[in-house]
Amino acid sequence: MNTVIAIDNVRKSFSTGFIPKKKEILKGISLKVEAGEIFGYLGPNGAGKTTTIKCVLGLIFPDEGRIELCGRPHLDPRAKERVGFLPENPYFYDYLTAREFLDFYGQLFEIEKAERDRRIVSLLHLVGMEKAAGLQLRKFSRGMLQRVGLAQALINEPELVILDEPLGGLDPIGRKEIRDIILRLREEGKTVFLCSHILQDIEMLCDHVAIIVGGRIMSQGRTSDLISEKVLFTEITVSGVEKSDLAPFGESLTAQGDRTLLKVFEEGKIQDVMDLVRRNGGRIHSLIPRTQTLEDIFVDMVKPQ
Amino acid sequence: MKIRTVQVIALNTFKEAIRDRILYLLLFFAAVAILFSRVLALLTVGDRIKIIKDVGLASISLFGALMAILIGTGLVYKEIEKRTIFTLISKPIRRHEFLLGKYFGLVLTLFVMLLCMSVIFLVLIFFHTWTVEWNLLVAIFAVFIELILITAVAVLFSCFSTPILSSLFALCFYLIGHFSWSLETLIKKARPGAGRTVLRVLDAVLPDLENFNLKTEVVHGLPISAAHVLYATAYGVVYAAFVLTLAVLIFRRRDFV
Amino acid sequence: MKKNVALALVLLLLALSFAGLKLRIEAIPRPTVPGSSIIYIPSGKYLKMASFGYASLLADVIYIWAIQYYGNDAIQDRFTYFTHIFSIISELDPRYVDPYEVGALIAIYDKRDTRLALTILDMGLAKNSDMWIFPLEAGHYAQMYIKDYELARAYYKKTMDIAGAPDIAKRLYAAASFKTSDLKTAWETWLDVYKTADDEQIKKIASNHLYEVKAAVDAAALKSALEQYRERFRRNAADLEELVRAGLIAALPKDFDDKDYLYDPATGEIKTQVSPWKR
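Line order of the protein sequences matches chains V, Y and W. Okay, so the first sequence: first residue is 1 according to the working numbering, each after it adds one. Okay, so the second sequence: first residue is 1 according to the working numbering, each after it adds one. Okay, so the third sequence: first residue is 1 according to the working numbering, each after it adds one.
So here's chain V without its partners, still in its complex pose (with noise of 0.2 Å):
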């Protein structure tokens, strides 16, 4: 198992305004990838992750610390060969078609004519873009962006992706295309890093999730490893029960018509309630143990700032 990403204790300030007064974004942030695994990191606004990631792509210099990609300095060229990177709401050439652009891309790759071309129609037709080949960018909408962006950071077949919320901006069916495209990436071997504030699709996807709050990482591991198993609650949606006899098992929640939502905290009341309706001839519609999801993890980290 070899470190594709190898960041240690990176610091980062900025001197803004008129009067130059110093903002420090990173304050000493360390982590490490390995490959073959998808990598979340997540923050709220302004944390610094994509202030993280310009970093390690050379895009902006840190004052202090080291970076390392795929065993190489991070601004060697040759690191770079390995890389393929998706920055958030992304925006290409305007006069430059689908099909140009990627070879041009594909061009900075030293990547034969021939094979270059053939990696062109098997990307846009991954990324469901065959029929926009030869429109202009300039015309493309934001998720048809977010695909030919998706398309160039895979021109050159790298090890490492390093996706900037990759799936904003895009309706439910390309959000699940694009997923799948990620978990591809996995098998095929790659190793992914995710940013993104969509906390769903990190847990989702993720192997391994870094959380940075305020320019530190505040919690770094696996994803099973951070989500405890624990039940905190089940929900649990039933009809034909009276509100007034289920009280007394749990919190009553909305009500859809006759179907009450009911929250119930010890397990043992489960099979109580199970029982009660049963007997009352009614009827269970779903019941969903709530485990602590990132989200509770996440909010828990972030709310004390």
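A few of these clues could be false.
To be verified - List time: in silico BS3-like cross-link candidates among lysine-lysine, alpha-carbon distance up to 27 Å:
(1) W:K48 <-> Y:K2
(2) Y:K82 <-> V:K131
(3) W:K111 <-> Y:K189
(4) W:K170 <-> W:K147
(5) V:K131 <-> Y:K15
(6) V:K113 <-> V:K131
(7) W:K157 <-> W:K223
(8) Y:K82 <-> V:K21
(9) Y:K50 <-> Y:K2
(10) W:K204 <-> W:K170
(11) W:K48 <-> Y:K50
(12) Y:K82 <-> V:K139
(13) W:K157 <-> W:K195
(14) V:K139 <-> V:K176
(15) V:K113 <-> Y:K15
(16) Y:K82 <-> V:K23
(17) Y:K78 <-> V:K139
As the list claims (entries may be wrong) - Have a look at the derived ranges for each label pair, beta carbon to beta carbon:
(18) Y:G195 <-> W:R112: 31 to 37 Å
(19) Y:L202 <-> V:E115: 36 to 42 Å
(20) V:I19 <-> Y:V198: 47 to 53 Å
(21) Y:L202 <-> V:K21: 34 to 40 Å
To be verified - Residues from chain Y that keep clear of chain V, each with C-beta distances beyond 10 Å, as calculated:
(22) V8
(23) N12
(24) V119
(25) L137
(26) F256
Hint data in this document are derived by calculation from the structure and do not stem from the laboratory. Since we're looking at a predicted model, the values are computed, not measured. Note that the Cβ used here is the ideal one computed from N, Cα and C, for glycine as well.
Place chains Y and W on chain V using the hints.
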């Protein structure tokens, strides 16, 4: 530095620039100006060709400079503003390869534009004199050298300033370059001493764009010294290299926030 | 860091190179066509339209250029478009006084052409009928350099007619009139000066001039009488009394101070007893 990378970016910049509408607007005005000289020629008494030559060369020079400044100052700035530079820098290219690629792409674009304007101009002259004067081509070549220098300056400012400010600075450079005669007059009138030495240093360092102005020779049919053209070309190229090196220096450690 | 230092050194090297090249280029002689920078000079009117409201600034720039240009002896035939250039400046900013005055000076000292200077000053007066300085200077130049007293007189008259003109104009006019032998005007004008002067010095000057004029008038009358005497008696008169006795003049004129005129029978000259300026 990989030449191939610079080439790829240059061609891409060329493709992008050549599709920019402002180029064609300026080309249109240049053509109008050149053809209008024909009308002006009718108003003059005596040698008509002189007016056509002078207006033609002036138009090519002026509109070329405008193209260089207007497009050059947006060249790097737009990439930063629109954040297309993010995906580009994350590829295995060095920053100076990117910068030089943008520069040469624009130079190529200007070359094509200059060619178009020159063809219109030379055809017009041809219909008046039934000859092709080589002096004109040399004068246009000198204009081209001036343009590559102005482009370098525009790209330099584009690295750290908004297009409007950059255009102003580039325009100042252009004006200072053409007013070098006033500095020479000042030096002649100054008394020997520290002040004059400072002026002399300034004179050597500030750009002298009049070196590329062969209009007088061409219009009056005077001989153009080959040595002058050679040295002037060298001057333009070295100065442009200087400006570009400065741009690379500034661009190297710039944070793209 | 190291790379930055390397780049800085490259910068220095390039800067020295182009500075050196520049000096080398300056050494190469370029054929210049004198006055080629003003081949196509439009008329002032069109230039004014083209200046988009910056006419006065353009006038300044052209004026400054003109001073350098006309001061440059190396340019031959530089006066070919002299009037045109200054008429452009005049058209752009008619009330700008310096160009007219300096233009006239340049014409006089660099080209030694007084008439050209007068043309410029005429332009100034035409555009600024309230500026008495122009005809005053013009009269001055006419009188001093081409000794055209008639012309000078005309200028001084113009000056006098402008409100606010200094009194000296009148005196210059009177003096010029005397020089053109228009003794009547000279007398009347000097009398006017004498009467209206409130300065003792000026009164004295006026009276000196009146003395001079009277002396001239009287001398002319006496000379004419002497001539008649010579014709009749075939010899010069011995003294002026003889002219009265001969009936050629009614009475002997006295000078302005009521003194007699001196007569030299040998040469026939009439002189005053004192010089007008030493009374």
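So which of the earlier hints does this model not fit?
Numbers 1, 7, 9, 19, 20, 22, 23, 26, in rising order.
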